[in-house]
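Enquirer: One-letter residues, chain by chain:
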Amino acid sequence: MEISTSTIGSVVVATLNGDLDSRSAPAAQDDLSALLTDQGRLVVDLTAVPYMSSAGLRTMLLLYRQAQRCECRVALVGLSADLRTVMDSTGFLDFFVVDDSVEACARVLEEPAEEEDDGRVFH
Amino acid sequence: MDAYSTERIDSFPTERLSGYPVRPGRALPFGATLVPGGVNFSVYSDASTAMSLVLYHRGESEPRAQLPIPAEYRIGSVWAITVFGLDCEDLEYGFRAYGPAEPGPYDRFDPRLMVNDPYARMMSGRDSWGKDAERGLPARYRSRLAFDDYDWDGDRPPLIPQSDLVVYEAHVRGFTRHPSSGVSGPGTFAGLVEKIPYLAELGVNCVELMPVFEFDELDNPRHDPHSGARRYDFWGYNPIGFFAPKAGYAASARYGTQADEFKNMVKQLHRAGIEVILDVVFNHTGEGGEQGPTLSFRGLDNSTYYMLTPDGGYYNFTGTGNTLNCNHPVVRGFIIDCLRYWAAEYHIDGFRFDLAAVLGRAPDGSVLANPPVLESLAKDPVLRDCKLIAEAWDAGGLYQVGGFNDYMRWSEWNGRYRDAVRRFLKGDFGAASEFAVRLTGSPDLYGPQAPTASVNFVTAHDGFTLADLVSYNGKHNAANGEDNRDGENQNNSWNCGAEGPTDDPAVISLRRRQVRNALLLLLCSWGIPMLLGGDEAGRTQHGNNNAYCHDDPLTWLDWDLAAEHAWLRRFVRYAIAFRRAHPALRRPQHRPAGQAAGWFPAVSWHGTRAWAADWGAHNRLLATMFYLSEPGGHDCVYLAANAYWEPLTVELPVLPGGVIWHRFADTAAPAPDDVAEPGNEPPVNDQARIRVGERSVVALVAHHSPFEKAEK
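Respectively, the protein sequence lines represent chains A and B.
Numbering follows the numbering used here, with no gaps: position 95 of the first sequence is 95.
For the numbering used here, add 1000 to where a residue sits in the second sequence, where the first one is 1.
Isolated chain B (complex conformation) (with noise of 0.2 angstroms):
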């Protein structure tokens, strides 16, 4: 090589600044850039007349140095600097910014303090999680630079179309932080990796992790009020480095690895074809309210990260304290951005967007008919390929399930068929047509869309586990700290007629039931199946129905209580199993255009007579038949879903000559006989009608009869 291709003249400095050789320094991109022998450093900030660059060497409380940068190498409203010589691995950084001298009402300048870079690709300050001696610190969080330099080593990303997802929601730190977890880095990356075989087992292809960006989890000033115990904000809803891994969850990371361990987990995931959601959580940050630390963004920029009231107080639609001001196209590149580099830089899946209705309002709070933010993660190059999957209301009443601005890209969770689901399992009046609706991929909301528009599930992060809808009526809050007010009311839960632990067989046995009938209507139902992790191993939160702040084992899965639960994990594998076997389960459209001639309709409903379904409110029976006609063969499920408190004998449908009913689950039977293997389905004896227990679900399908096979 010549020194023409090595040697570039903007790799040497024109001048030095506090000690330090710079140049003015490139606008694009944002954040900290390694380039030939230094650092680009580029912040927006529209307001400030005066911008210092603060270096800190990893460990020091003081500064190294302040470099005020030259007026005269701001581009617009971006200060850059290019910085020469640095210790790159043990440099830490922020920005101290000024302000106007006679500051204008939405002005949150302080430059007492330092304020991090809204695009540190690590953060340090919370490298151990809930250890408070590094919360004293001064500038508690600073900046730092990732290498992204990974070794991928040929990693693709699995590319699981959306309607074959099975979706398993799990805390990093919940997931294997328990003693039984027996893994070598509790509650980290690294100790999810070796729980890979479970979930693999367990036939899930999809983790859907709550929130990773860095955040802190001593952010609660919340105590038990029996105990003392300090409360936490253990599932980190409360972003502060959104391009920063969680360095608390790292094992590695007091050797600053936190990214590369992040990296080989979805590796690892990867090569068991289980793919990556990150909950992200793009609604407000964690700066709070009025009376919130200036951490970041409020002290760069604080009228362009945040919707403001006209008097310069925060709009609150997140009941958090602040709302971020998505629509602002400074806001709207950061998010892009953000998301791209999960994407590109982590392998990153997809991505569901935490109180996503945010996203659909203008810097004032009003709702936008087309929000430019979503249109562009809707249509964007690098983000082709990940879900998109809405949370699609927000803490001010927004509602927009059904109604979110989807460009016939996004998902939403469907909260409607969480709250159909759980009526009809408890045997609400009106509820089996509702439930109906839902369980063919809700067509009133996701019509011109897909099935697959809708992530169906029973529970998740937010209210009880499955274990505890079916063992409380009401909310155990009380350890949180807030007298019982937080957490939703709202349950649509059911005891089966004790609240909480009972000795009684009738009762417990009706629980077991109802748990299994959530769980088997969800994996039969057309649309994505999200489940929250641990249910599957009967996971109990005691009641609590808002367990965000506990870190301790009513968050944490308990790895014995699964191994109890064998026969539930068995029950569940199998239905995900059924439910991979059977594509009428898992149609990608609604109306398949030009459905081939078959035996059935694509769906058909039933009573207790045949083709004869009951839609009056008092009716608790569903039966449901899906058909699919492709050219290997037919496929074909039929679904008894009883809510009734009596046994009913029901009608089935007549196959074709040469085709039996068999019986995957009857949910009535106790374990092993619950459930068959798919495929291994033993034939139903009356093939004219079947019983389908008090509050029970009975799934059948049909196969060619064993006789016939014979004769073949």
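Extracted from the complex, chain A is given alone in its bound form (with noise of 0.2 angstroms):
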């Protein structure tokens, strides 16, 4: 597993690189984490990830759950169908923004932010 990373305007991308499974997860939590700032804005790229376990999925919300601590806003690009369907059967999907491409993504994470846009509260 690689991240590589790199900037559009004030949002940060993280390009993933390889499988998450529950080997490359823990290291990817890691470098995941170190990328969320106070009120940051974070696209995490999921193209390049052919295989992504449940510990994958538990690297994602726990980062969703990070980024709330410090305000960060997150998007998932790049998710497969696969992924997708367990994410929405599992109600994950509803914690990000999911969008087809890296710049979309970007553009809506730096739309001000509609906190309570779909009803619910955030602690």
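Careful, some of the hints might be misleading.
Unchecked claim - Looking from chain B toward chain A, a few residues come up when the C-beta cut is under 7 angstroms (computed):
#1 D1087
#2 A1190
#3 Y1255
#4 G1256
#5 D1260
#6 N1264
Claimed, not checked - Taking CB as the label site, the calculated pair distances span:
#7 B/R1485 - A/L62: 49 to 59 angstroms
#8 A/R65 - B/G1104: 49 to 59 angstroms
#9 A/S6 - B/S1184: 26 to 36 angstroms
#10 B/G1447 - A/R65: 45 to 55 angstroms
#11 A/D19 - B/P1501: 53 to 63 angstroms
#12 B/G1130 - A/L62: 29 to 39 angstroms
If you're looking for bench data, these hints aren't it; they were derived computationally from the structure.
Since this is a predicted model, take the numbers as computed values, not measurements.
Cβ coordinates follow ideal geometry from the N, Cα and C atoms, glycine included.
Work from the hints to combine the two standalone chains into their complex.
Expert: Here is the structure:
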């Protein structure tokens, strides 16, 4: 698992390369967490992740919770159809901004935050 | 943070076993628990002489390692070991239990077999519904860890008062498996989520899910005698993993996220204001009788978990081959731990106990006066807000409806309500007076408790659907593969003049009326009403009254049929809304302390003449007035149910000035005039008397007259 980073405006883009499973997840978790900044913006590009296990899913969920704590917004790009189905059926998809391209995600993240637009109260 | 707060001495192994760093484990809690750096495994087995922990990597047929648990790791009858450095995600495990060299008469140890952890929080082996391939593997079930780290996002249980519940019994797979459901994950927890708007529109506020603990749907050797099609254990009253959600019900089981998917379903139902009750089976296990497979309990401690005859055979009070020994302290603890886990970890709102009379039996099968397990559940701190509902009978002849040890806490499936309403509806001689008692919360059975001790129902998964109850005199179960011997013979059903499908408009019209009569009476009865899911959509099983074994359109809800029955769904929706609008129908107590002075008694009985009920056995008219005086005003509902085959003219009770009768429902009228939107009921023209059609029910409500309202 390799993670490279770039920026689009104020948005940090993390590009993952390789399988995200129970072996690679702990290191990926640390690397991604380090990219979270207060009120920051992070796009996680999973286009080059051929396989993600439930450990990978948990990595994303933990990232979401960490991001909430520092009011950082996170978006996911490149979810496979299969993974999208799994995230949908478990309700995890609701937690993330998801779009088709890194640029589209970056645009969404740079818009003013609508914290409660889905009616949920954040804690 | 300093090192003292993050590094624990017990997060280091003390020795290596089969290549794995280990240390003596903690005896409690039972099961596999994540601890710093490792996993603590703890299993109860009293008579065993040795125990090995068997570790698999997911997807591999042979174990990676077997760790003989050192004798000094045993505390009492508990084997406990902490193992470090495991890949928890892909870990599957089990145990190999060794018995004494000379086995006792009750022992069933078989160290050749890997047996599962009774506390396994997930199980693999049946990840895809109905796939034979998985079944052929050695050790076809394996125990797995669950992370129990679900993000509930502020979920709160709805805590709906029992008197306000309207229960909808459903089968997870049957609910959305039909191609017409149009959901993305047919037959799954996720599929059910997509249909929450349907449930919310209907107005039910509680779903009771048929068994969701891991079971083997392929554990049925029978076939259709004509087509040869395989028969399943579709219903799942055959649990193997009591702590494990059924993986085959999850669209995401291949990712091992069935627990998360289940929790999302609960969360979404709660958001819609709908509670979740689980139908739980603690009367037997899927290990069956003498010839059944050794999967877990039997191989760990046969005489603890099962009720055994003096010569070591299995008592069979359940009709399934074995009987769980519920009042053994270890099994009692197992049941309580399991329910606490579902309540705390899955946010479950209540439990319905299958064949709950078994929970009142002693290890030798005799009936206990004060069954400890029932008392423990009634007073359990974690389960305080959970509804507890007993199916208060078993297959050993113990029938305890009204006599179940309820500790003023349990409710019961009121089988006598079901029988009485059915007999009344078909116009049986002498049925009206018993149904009067059932309609008012069965005070003969639940007088000291409350009407909510009675879960009222006309139909449930066992037996005919409502559409079939009015279309078949006899059961039609040949396709179950048992020569039509299986299934209940005493159905109190009536086909309305033709057996099965018919073109006769008179028969069809009568059936439609009878269906609405049943639903209206159910939803106006004191107690907790339970609908069989699909009855509102005209679901038929073509006369099969024991469809446990069909995984096909016979048991799947046909959503096209639901669309065709919009008239019936509208009727049910309004009847539920009517119940919600009228506290007089939802009495929390039989005899409210200090009933405020008002117009009428809480319940009064009438006949063709007001205030003059006829209790003769020939009478088939039940006219009831429910009344409640509240600080906010008066609530008054009048119900006239005519099970006679001729119409009757019925005198109405006189209301106080300025208040007049309005008609909520008249099942003799064709849709859409059969029912009105609650709150917008039309006034009754003749306030002195109404005509109640043959085999029809009329429901009236007292409102201020429109004229009076206009004056204000």
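Enquirer: Give a verdict on every hint.
Expert: Hints and how they fare:
no.	hint	in the structure
1	D1087	holds, 5 angstroms
2	A1190	holds, 3 angstroms
3	Y1255	holds, 5 angstroms
4	G1256	holds, 5 angstroms
5	D1260	holds, 4 angstroms
6	N1264	holds, 3 angstroms
7	B/R1485 - A/L62: 49 to 59 angstroms	holds, 56 angstroms
8	A/R65 - B/G1104: 49 to 59 angstroms	holds, 52 angstroms
9	A/S6 - B/S1184: 26 to 36 angstroms	holds, 34 angstroms
10	B/G1447 - A/R65: 45 to 55 angstroms	holds, 52 angstroms
11	A/D19 - B/P1501: 53 to 63 angstroms	holds, 56 angstroms
12	B/G1130 - A/L62: 29 to 39 angstroms	holds, 35 angstroms
Comparing the model with each numbered hint stated earlier shows that all of them hold.
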